[in-house]
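**Student:** Sequence:
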Amino acid sequence: MIIIIGPVSTDLSKAFDTVPHDLITSKLKMYVADDKIVELIKDYLSNRRQRVRIGSNLSTWQDIETGIPQGSILGPLLFNIFMNDLAYVVKQSKLSAYADDTLIFYVDKDLAKVQDTINNDLYHVDKWYTDNGMKRNHCKYQAIVMGKAQNKPLFRCENAVIPITEKFYLLGVTVDNKLKFDRHIAKVCRKVSQQVAVLKLMKKMLPYEIRKTIYMSFIAPHFN
Numbered sequence: 001m002i003i004i005i006g007p008v009s010t011d012l013s014k015a016f017d018t019v020p021h022d023l024i025t026s027k028l029k030m031y032v033a034d035d036k037i038v039e040l041i042k043d044y045l046s047n048r049r050q051r052v053r054i055g056s057n058l059s060t061w062q063d064i065e066t067g068i069p070q071g072s073i074l075g076p077l078l079f080n081i082f083m084n085d086l087a088y089v090v091k092q093s094k095l096s097a098y099a100d101d102t103l104i105f106y107v108d109k110d111l112a113k114v115q116d117t118i119n120n121d122l123y124h125v126d127k128w129y130t131d132n133g134m135k136r137n138h139c140k141y142q143a144i145v146m147g148k149a150q151n152k153p154l155f156r157c158e159n160a161v162i163p164i165t166e167k168f169y170l171l172g173v174t175v176d177n178k179l180k181f182d183r184h185i186a187k188v189c190r191k192v193s194q195q196v197a198v199l200k201l202m203k204k205m206l207p208y209e210i211r212k213t214i215y216m217s218f219i220a221p222h223f224n
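Sequential numbering of the sequence shown, starting at 1, is according to this note's numbering.
Just so you know, the hints here were simulated from the structure itself, not pulled from any lab data.
Where a beta carbon is used, it is the ideal one built from N, C-alpha and C, also for glycine.
Just so you know, not all the hints are guaranteed correct.
For lysine-lysine, the following DSS-like pairs were computed, each having C-alpha atoms within a straight-line distance of at most 25 Å [to be verified]: (1) Lys135 x Lys113; (2) Lys191 x Lys180; (3) Lys127 x Lys113; (4) Lys135 x Lys27.
Cβ-Cβ distance ranges computed for the label pairs, FRET-style [unchecked claim]: (5) Lys200 x Asp63: 51 to 61 Å; (6) Val161 x His184: 24 to 34 Å; (7) Lys94 x Tyr169: 13 to 23 Å; (8) Tyr215 x Asp85: 42 to 52 Å; (9) Ile37 x Val107: 36 to 46 Å.
Given these sequences and hints, build the entire structure.
**Tutor:** Here it is as structure tokens:
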């Protein structure tokens with residue numbers, strides 16, 4: 001029996017909204033030996049202000065004391081450094097992380113053991129998020145059980161029950177609890193069909209070579 005819980009992370013674009021700058025730089029010191037680099041990043045984050053404009057109305061300037069500048073090339077790097085020690089709080093389950101998609105999973109024949117093990121690790125994950133000032137998005141939490149189970153296990157994170165689903169969307173692939181790809185194939189075919197229909201409407205507007213280029217660039221890759 002395989003139990004997968006995920007994602008136990010947040011939206012990357014909002015991940016640092018509430019994280020104090022001193023916490024970001026303190027973690028950076030753990031991985032960077034050069035104090036000058038740490039001070040450079042600290043200076044980069046400090047003394048920034050922002051305001052909101054709606055039509056011709058402007059709000060007052062406010063100091064930015066948390067988060068990082070949106071669209072910054074340093075954003076993904078600082079995110080990976082900041083999230084790196086999450087792996088150390090997951091003691092028994094396996095943790096898999098790709099960008100802001102973080103999953104934990106555990107394999108065992110004993111359903112009770114699986115439930116206790118994952119709930120224990122989820123408790124530590126939950127504490128890590130609180131200690132690091134991170135916000136969670138509970139609507140993205142879900143679990144999938146691969147294997148036969150007479151009863152459904154109960155998983156909780158931050159006092160919220162995690163729903164168990166029959167299908168799981170992971171990095172562009174739809175996986176179901178029987179490890180069949182019928183739903184994923186149907187989704188790909190539906191998407192390709194829509195794109196081909198649009199391309200067909202352009203038959204009289206675009207020459208064949210351009211339509212072929214569009215097909216090879218945007219439609220054909222779906223079949224890979």
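**Student:** Hints first: check each against the structure and report whether it holds.
**Tutor:** Against the structure, the hints:
Proximity of Lys135 to Lys113 is assessed by CA-CA distance (about 29 Å); at most 25 Å being required, the pair is judged violated. Note on Lys191 and Lys180: the hinted pairing holds, with a Cα-Cα distance of about 19 Å set against a maximum of 25 Å. Taken as a hint, the Lys127 and Lys113 pair is honoured in the structure, with Cα atoms around 21 Å apart against an allowance of 25 Å. As the CA atoms of Lys135 and Lys27 are separated by approximately 18 Å, the hinted pair is consistent with the 25 Å bound.
Between Lys200 and Asp63, the C-beta spacing of about 55 Å keeps the proposed range 51 to 61 Å intact. About 27 Å separates the C-beta atoms of Val161 and His184, a value consistent with the hinted range of 24 to 34 Å. With their beta carbons about 20 Å apart, Lys94 and Tyr169 fall inside the hinted range of 13 to 23 Å. In this structure, Tyr215 and Asp85 meet the distance hint of 42 to 52 Å, their C-beta atoms being roughly 46 Å apart.
Between Ile37 and Val107 the C-beta distance comes to about 41 Å, which sits within the given range of 36 to 46 Å.
Comparing the model with each numbered hint stated earlier shows that hint 1 is the single one that does not hold.
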